[in-house]
Structure formats: C-alpha cells, structure tokens
Amino acid sequence: MTAGDARAQEERVRVFNSYRELFADAPIRLMSRTVSTMRSMGYGDLATAIGDLDWRTVPADDPEDPTLREQWGDLLASAFDHISGWIAQLSNQPYSYNLDSVGYPAVTGAWSGLWSSQLGIQFKNLSGAPPQVFVLHGGNQAVQAALLAIAEAHRERTGQATTPTILVPIPTFSCPLDQIALQGMRAVLLPPLDPGMDPHPDDLEQVPDDVNVDGVYMMPINNPTGRTVPPDQLRRFVAAVLDRWPHAGIILDSVYVRLHPRDRELIGWFDDEPRFADALLIVDSLSKTHGVTGLRAGAILTRSERLRGGVIRYAQNVEAGASCAVQAVMLALLAPFATGDAELAAHRIRLQLRIGRHLQRRRRLLLERAFADHRELFHEDQPLLPDPVGFDWEGSMYADLQLSQRCLDLAAARGVSPTVAFYLATGIGGVALDGFCRSRNLERHGLLVNAGSPELRAMQERAARYVRLSFGMTPPPR
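Heads up: take any position in the sequence shown, counting from 1, add 1184, and you land on our numbering.
Calculated directly from the structure, the hints in this document are not laboratory data.
Glycine included, every Cβ here is placed at the ideal spot set by N, Cα and C.
Each statement offered as a hint is correct.
Each pair of labels, with its calculated beta carbon distance range:
| # | residue 1 | residue 2 | range |
| --- | --- | --- | --- |
| 1 | A1345 | E1195 | 49 to 59 Å |
| 2 | P1458 | A1530 | 27 to 37 Å |
| 3 | T1347 | N1501 | 16 to 26 Å |
| 4 | W1453 | D1393 | 25 to 35 Å |
| 5 | H1629 | V1573 | 38 to 48 Å |
| 6 | L1528 | R1646 | 40 to 50 Å |
| 7 | D1393 | P1250 | 50 to 60 Å |
| 8 | Q1255 | W1577 | 19 to 29 Å |
Put together the whole structure using the sequences plus the hints.
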C-alpha cells in the first residue's frame, strides 16, 4: 500500500466513524465518488441529486450510444420546463392535490397507452366501470396502497379476528418490509433454495401448512440483486401460490420491467389464465425508466375485482395522488401514449430501453474496474452474478458481490462488518445483503411468522458475506 493509499483509507475511516452511529453498515451515502460528484455539481443532498445525475453521468461521447445524453436530457427538460399551460388546465391551485382535475384522466390514459404499446397488456379506465389504472405519489405509495388493498380483502373474507399475512421472497427491497411492519401485518420471509437466489415454486414448501398467506410481494427484476427472474419460473411461482392460496393477492413490483430488452416476455403470461389477472396488483414507476426519482410518479395497474376496492378507497384520499404539477410532468413524459402518436411512442420506448442499457453498461464498467483493482477482496465464486466474467446481463443497475475470506479477515481486525471493511479498503461503498433479508421492525414487533426458521437464519448468515452495490448515481470510469 502506498502512502497515498494509506492516507485515503484513513480519510475513509474518519468519515465512517463520523457516520458510524447513524449508518452502521456504511450504506451507499458514504460512497466517496457519489458524494464528491454530488457536491461538485452543486447538490446539497442525496435525494435532490438522484435522477438528475443519472442522465448527467452519460458520457457525451459515449461510443455505444452517442446521442443518449442529449435525447434523454431533452426529454427531461421539455417535461419540466414547459408545463405552465398544463398546470393552468389542471387546477387554479397547481401545487395542490386534485384527483378530479382534467389532467388525471389524461395521465391514467397515458399510462394505459404505455403498457399497451410497450408490453401488450391492456388496462383501461372506462366510464361507469371500476378503474384499472391508479396514479399515485411514487412507487412506494403504490406499494402501500397495494398492501392495504390486500388487508381490506382479507377483512372482507375473514373479518377482523385475524391479521393478514404477506409472503416475501428474499432478498428484497427493504421499504416494503417496513411498510408491512408499520401496517401491523404479519410476514413470512421466504429464503431461496437456488444459489442465485431467484424465487422458485419449490421454495413454497418451506411455508408451514398452518400458515395462510393473504398476499405476496415480489419483483420480476430483483432489487437488490438486479437478477431477472426467468418468465416461465415467475409464472410457475405465481401459479403455485394461487394453487395453495387461491384468495392471495400478488403485488408484482415491476418498476424495472420497461427497461428490459425482453420487456414483453417478463410478464407476457399475464393473460394466460383469468386467475392471474384477478390476483395481480402491478406496481409501476417513472423513476428508473426516465431518471426522475425525485418526481414521485407511480401507478398501480390491475383488473382484480376482489382487490381493487381497497385501492379505490385509498386513492380517494385527497392526499394520496400525485399533485397537479407532478401530473403535468407525467403527462409531458408520457404524452405520445395519451395522444396516440405511434411513431413518437415507439421512439420513447426505444429511449427507455437505451436508458436501461446505459445503466447496465455503466455497471459493467464499474465492476470491471473493481475486479481489476481489488480482486483479492472478492470470492472466486460469484453465484449472484450471472456473468461474472463480462459483468453484463439483461438486468438492472445493481450487483451483489460475494466477498473473500481476506475481506472478512480485514473486517474482523477492524471490528466492522465485511461491507464496511470493503469500503474502507477500496472507497467503494455499498450495503450488506443481509439488510435485504430481514426487517428489524418485523422482528421487534413479533410480526415475523417464521422467525425461528433455521433456513431463514442460514440465509441471513450467508447474506452477510455479500455487498450490494448501486450504480444509479455513480459516473462510469472514463
């Protein structure tokens, strides 16, 4: 280690110690390149930077897609800079919440057109019929509404005597786990049997016979692993859930699907059986596909007669939907799907896929650099990386890397977690995978049904050897 490397590592230690109490596992907020980039561009906090930095990190001279930065930036600029006319139409109080505005039907119609055009699945809000498209204040609020819909369906089916139970294949994004706990639901965390950690129908055999599952939360493209669940395997998993619990509602968090080069295949089985359409609540968002995380633009799409009652009542809350200003931006982003301009709609779909490809490409470049510079800190076996040689696959912007025994020894010597040891040695920050395999809130409130499961404990111990990286804000090596 050179003197410069030693000084850099000591500076990381200093920064980590200043955050230790608040961020015990050195999450992504300590990522040195992220922080330096954010500050150099004038952003005061992480939330403000996300999204805007996504497109700004596209190299202007990217040989694989030399016009992406310009076209992506033009789309965002036109959506945010030229909305005064739409705002005037939406409401005389443009920053209020108004789901009865003239803009709301146009936005739901645009989202309907987006799904029909890109994914070939039809959801429509027709006059005099229950809605099938709901626009909400971001994907997280859409997940919250979907969970409440399952809870209400449970009460209508069984009464108030029992608490609804949600099955969650792990690893999974942590926010839904917190929402399940906050709503007082019980949860079954389902550990995967597959080394790549993709959910499989055989995993359901771990759920005891006396556990009655009311709902499932899962993702076709997983966060945190970034892996794509094979479409047939996902279909068989959903079918196996409904075979065992026919009343279950299934929340399919699909915020990455429209970035995927095989977008139509991932949930193309939706119309194969009527029971699929009646069980699924599909969550969508513009944050990843358009790089507008701070906009908070999400949706639920469903044809379920037995589940959407709860979503309708949730959406009727005056604070539940996107503000009129956000509706205006959404409508600008999705305009060709509202107007029926097929040529422009096709261009926008291609742009989404190019954004997804850029995120994958950026991820590949960063992984190549990390493995070249710090190979001794990685285990030779990388079961979560489908392509651990070329670091590329049709996933998203995430990657979970198994750390070597050398890295674990460094962690033990410093008295920190392996994830922190990896950050201190390399300057590359991330979060421990086991944080996506547990929920402290579920545990402390006694809401975790399978808390004593040896399979779950083994999975959580195994996950501690992995670091989850996110490249959504990190510039590629130049």
